[in-house]
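Undergrad: First to last, the protein sequences are chains A, B, C and D.
For the first sequence, my numbering gives the first residue as 1, with consecutive numbering after it.
For the second sequence, my numbering gives the first residue as 292, with consecutive numbering after it.
For the third sequence, my numbering gives the first residue as 788, with consecutive numbering after it.
For the fourth sequence, my numbering gives the first residue as 1115, with consecutive numbering after it.
Source of the hints: derived by calculation from the structure; they are not laboratory data.
Because the structure is a prediction, the values reported are computed rather than measured.
All clues given are correct.
To spell it out: a stretch of chain D is covered by chain A in this simulated footprint if at least three of its residues, at any positions, have a beta carbon under 8 Å from a beta carbon of chain A; those stretches are:
1. 1167-1176
2. 1265-1271
3. 1349-1360
4. 1363-1371
5. 1407-1416
Simulated crosslink set (DSSO-like; lysine-lysine; CA at most 30 Å straight-line):
6. B:441 / C:1004
7. D:1331 / B:664
8. A:7 / A:62
Note that beta-carbon positions come from the ideal geometry of N, C-alpha and C, so glycine has one too.
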Amino acid sequence: AEAKRYKFVVITHATAVPFFVPVRKGAEDAGKLVGAEVVYTGPAGFDIQRQVEFMKSAIAQKVDGIACTLPDPSAFNDVVAEARAKGIPVIAINADAPKSERMAYIGQGNYEAGRSMGEQIVKLLPNGGDVLLAIHTAGAENLEARIKGVKDVLDQTGKFKYRVVATGTDLVKAESLIGAALQANPNIKGMFGVEDVTGIAIGHIIEREKLKGKVMGGGFDLVGEILDAIQRGDMQFTIDQQPYLQGFQGVMELYLNKKFAIAPADINTGIAPVTAASVKAVKDLAAKGYR
Amino acid sequence: MGGPPFLSVEGVSKSFGATRALDGVSLSVERGAVLGLAGENGAGKSTLIKILCGVHRPDAGRVLLDGRPHQPRSPAEAEAAGIAVFHQEIPVCPDLSIAANVFLGPRMPRRGLGPDWRAMERRCVELYRTLLGEEIDPRRLVRTCSAAEKQLALLVRVLSRDARLVILDEPTTALAPPEVERLFAIFRRLASQGIAFVFVSHMLEELVQLSDAIAVLRDGRNVGTLARGEFDLGRLSQLIAGRTVVQSGHRSAAEAAEARLEVRDLGQRGGFEGVSFRLGKGEILGIAGLQGSGRAALVRSLFGAPPATEGEIRVDGVPTRIARPQDAIRAGIGFVPEDRHALGLFDDMDVKLNVNMAGLPGFSRRGLLDAGKLRRVAERMRDDLSIKAASVDAPVRSLSGGNQQKVLISRWLALRPRILLMVEPTRGVDVGAKQEIVDLVLALARDGCTCVISSSELEELLRLSNRVLVMSRGRVARELAGAEATKDRIILAATT
Amino acid sequence: MDAAARPKKRLGAVARIFGLRDFGVLVAAVLIAAFFSVITPTFLTSYNLFNILRQTAELGIIAMAMTMLIVAGEFDLSVGGIYAVAGVVTGVLAGRHDVNIWWAALAGMTAALLLGLLNAVLIASTRINSFIATLSTMMVYRGVAMVLSEGQPISFRLDFFMDLFGRAELFGVLPVPVVWFAAWGVLSYVLLHRTTFGVRVFATGDNREAAELAGIKTTRVKATAFLLTALASGLAALISLSFLRTVTPTQGTGLELEAIAAAVIGGTAMSGGVGSILGTFLGTFIMAEVRTGLVLLGTDAYVQDAFVGLVIALAVIVNVRLSTRRR
Amino acid sequence: MDAAARPKKRLGAVARIFGLRDFGVLVAAVLIAAFFSVITPTFLTSYNLFNILRQTAELGIIAMAMTMLIVAGEFDLSVGGIYAVAGVVTGVLAGRHDVNIWWAALAGMTAALLLGLLNAVLIASTRINSFIATLSTMMVYRGVAMVLSEGQPISFRLDFFMDLFGRAELFGVLPVPVVWFAAWGVLSYVLLHRTTFGVRVFATGDNREAAELAGIKTTRVKATAFLLTALASGLAALISLSFLRTVTPTQGTGLELEAIAAAVIGGTAMSGGVGSILGTFLGTFIMAEVRTGLVLLGTDAYVQDAFVGLVIALAVIVNVRLSTRRR
Ligand SMILES: Nc1ncnc2c1ncn2[C@@H]1O[C@H](COP(=O)(O)OP(=O)(O)OP(=O)(O)O)[C@@H](O)[C@H]1O
Ligand SMILES: Nc1ncnc2c1ncn2[C@@H]1O[C@H](COP(=O)(O)OP(=O)(O)OP(=O)(O)O)[C@@H](O)[C@H]1O
Ligand SMILES: [Mg+2]
Ligand SMILES: [Mg+2]
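Looking at chain A on its own, in the form it has when it is part of the complex (with noise of 0.2 Å):
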């Protein structure tokens, strides 16, 4: 008999993130490779209560499988159990909850990255001194996770004095209150953003107020602008959580459980940060929405 075409869900908890258009091109890709069909979704901004909508709605559809974000350690729980239990494997992608029923975890966890970026910090700020950390959604649960990874990190050292900034997701807002928070102290020695938006604010900040090598700058993710700022110099890094892998990945894994009964297994898609050395190779496979 004809083989079955097997319909997957990828959901992701902010789909209007440019953060997971590689997720999404990972996962669309593994499905182009298997024939199977793809279907990415979720919700627009980050909203637990929704997202747990979207897996129901799967579960509704009976797909063959689901791989999905966890960002919350229990709310998920119920939905995920009962997927399993309807016989619908899940994986976790990017965000985990290691209580749940998923099969297995795709991904570097936020707080995890967060401490990467701590280390980086305190590789290029060995002696320590005052640094702004920028989030734009304070509260936002992923990006509080990196942001606590951050300061664990620095405060291990105890070298450091760091304040944070929320700017709200627009860009000039983004660029003006870290400005003025560079304005209010200027014995600042690097900025770092744990996201795309205050990532990029960074970097055009030091490029308009000339501060190259003055201070320190890092973000987040694999964004135009900041690897730009980086091949300028005027920013040292960007963590990368190789999000295409984690959509890829999740997919993969679904078929070939579905198709073979192989067991999920954890996958860590963590490696070192992006920086001036590896940044030229990136940067063309992130304009073509592979990193």
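For this one, chain A is given, so just place chains B, C and D with the ligands on it according to the hints.
TA: What follows is chains B, C and D with the ligands alone, placed relative to chain A:
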């Protein structure tokens, strides 16, 4: 009679900021008596009433009800003390039914937690039947009612409260003579049962007809209380205005003149039909009729708001399509609507903009607003019409009712219209100002402007018009020219 | 010139028959459901329909209270903030300080009511527009939720309380949030459409001065409506935290506009004085069925919200058309 | 009983002197500035003040157009969506398809105007409330921006265009967005307060039926105001993309409420018929100075928005108090 009066007001004063609305007013009402309250616009009548019913608190003085101090802190308290008030501004809730409006308030009949709609509706029908001799649908939304029907609903409301003191602030401005007659009969009957009335009106005939005594306010002071027998129309109008008001005369039938406005078989679905007339230059046509006779709709249709659906309109012999107000304005037609607040005035704007609103295109100079011309024209109109305003920069809402009305009329006069349409041009305006407006219209006609006036005040209509068109159920019931037109003939034609 | 000035048949008698006023929105809801049922077989399953109802519970509870408030002539943009504070207070006490969940929930509800009271007092004492007043309290309340929770989500252990408010399924199928939704709906319906308080609410929003002159204490009516809205936000927070076993300080962002949209789809007039609980229920349902239907259809993530917007517009137009024709 | 019924002195002559109408909000703006200047020395530096002005340019341009629209009696919640579409259209053409930036910008502006036209037509033809109508178009437009950009930010190469709209500094200090802001401000001021069109706008919002009877085509007035608002959103998008060299499909989220808030802080009445461009300018400035001041103070990230909310409420209260006393 002996004993203290039922209601006595002793030296009551009230100021709003710099405006002294009431200045030591004293007056009293006996049980079973009707006290008329007269005075110019802004004399303080409504303010006094709002003190009696707990909307405002007096700055000085006191009020005694039944010999005891009466100081309500809210309308609910006043109602509990046996006072029912008909307010001048006709405060209804348009999206509630007639029954709900009639019974609205803390004492709305209830069954358990809920309102007892069935009882309310039944009583509402009964009240209309016994009080007005009318059959109504109590579930009808007030939004769909005409001004007169709203006024009647609030009157029914006031009369249903079993009050000891009934206060009526200009209750008849939208009503036709037969309705007024019927209401007055009810007021008299209730008075004979011992209920006290305070009755405010600018229609002196009504005041004279109904009141046992009339108190006249001027600038917040009681300038005299006249007992029955002491008052007549002339004396009253002099006391109100503080000067002798000369009533200018009725104009003779029209001189033959070239046709300015011709209307043939005009009709509007649900409004009126088959209306034809021909008006000469400088002629004044009065339109009479009961509420719902289609008279206001007819006048509005000549301004395209909304347009007639059948028939033809000719201006100066030229067939003219009037689909919207702009068309009418272009044809040299002006329109003074019946409700100056809802349809005429821009409350947040000053006098000069209100005056010039219809002629805006003429105030653009090199793309910018010509502020100098705006002021010049407004000041000229103010002087021509003797509008009393601190300046043309004063907000229009700071003017008295009569002066607000003059502002509205001046808006069209500034455009030198060939035809001026008016509905209830003197509603709620005091005697002095009323006469000034009448004079204004007559002068306008002398200058060759043709006027169409719809009004429920027959005296005024008769004083103004060369001819009167009486409407009944959407059709022209009779056309009365010159001396033919009398009050009795009009009422007869309107009611049969 | 104006819709209101057009001739209208007297429908009095018809309008009072319950439900006919909400005919337009009912038609819209059914049409949408029919559309999705034809296109995707999963739509018309009891699992999916209960899922839609479950999903609307929180929004619906708040939207129905908001309806009362809008009918009374005010808005509350701070509902999302209150929802977050109520959840966070409960969460911090029960999840972090091991206070008994019942006491914690009581504290959460009390907090919600206090915030509602603050709204009411602010608007009554300053008479500033409630749109802007609650826009500012929205930001303040959200800040409170952030500070109290330290920006972190809070999780709970499983408990009977959770079952009662969010997790149990009556008769094995009916999710308990739907029961709460229904209960609050009946309560709101009775309050707004079957009590004299409801009449006062309509009168206040219809013409505040007229209501005052008729002896209605309109400030008190509005304050009560603000409190009820806050209460609804608190209840919704308890249902949400029970169902998810998590609260986040950012929860309920954008809820205010959705609640207003649901009410308006259901025929509530933004200018006050007109509205119905049944209409709002249907409005909430429409929003949820569109969302779910689109997901079942596999609509692209980027255009889902766009379609929801489109359907909101269509539903309002259908409702306005059908109602003006009948009035 | 009502605020409007309170005693009011006739200030006629005084009111005409430009700006005194906006006295309350001016006082609020100055008080806030004084407060921050005392507490933190960096506040009163030209760098910081220009930074504040630069930061307000986009919001301010939109808020001033929104003021006209609110004065005319309508709202536009879709400004953020239009802002995003205008930016994305320009970005996709210039950044991805190498179209000349000037043509791309023209296309972006055209798109903005078309979306504004769509709003105007929707509201004029269906007469549904503009709040709900533009709430739905907001979602639709945002979806358009997402689809066109494929959800990704788009970057530009540096260009003379960028200098002209966003990056140049006149005389070495004055950022060019501030110049655009000022130019648009003067234009809006003249349009609203110094032309017959402005009088028509006020008349339409003050009393629509009376305006119709005075021969004003109120539908056309409203449509023009919608178009101007869309134009402002487009201009703001060009400034933003020039300054940032980046457009994102999510840019401008929440802009609509900020623009309304700025207008209302500046004394614009939500019910139409009252408002001023200068007031809105000051309102925008207040919002920005508070945000910046709080950052300079080193306020906790979690409570920044809460303080902004607090100040919005205070500013509106101060303004309402001062204006009713003077009117
Ligand atoms: N709420 C108010 N606020 C400010 N001024 C007021 C208020 N109410 C009345 N006034 C002023 O008080 C004075 C008396 O007004 P009032 O309404 O009592 O007059 P009136 O005799 O009823 O006039 P009319 O015949 O036009 O109804 C007027 O100058 C009016 O401007
Ligand atoms: N809010 C207000 N502020 C100042 N004066 C007011 C206010 N409201 C009413 N007035 C004044 O009170 C007086 C009575 O006005 P009101 O509009 O109540 O009656 P009116 O002018 O006779 O109109 P109508 O009979 O059509 O209701 C007028 O002098 C008016 O200017
Ligand atoms: Mg009066
Ligand atoms: Mg009057």
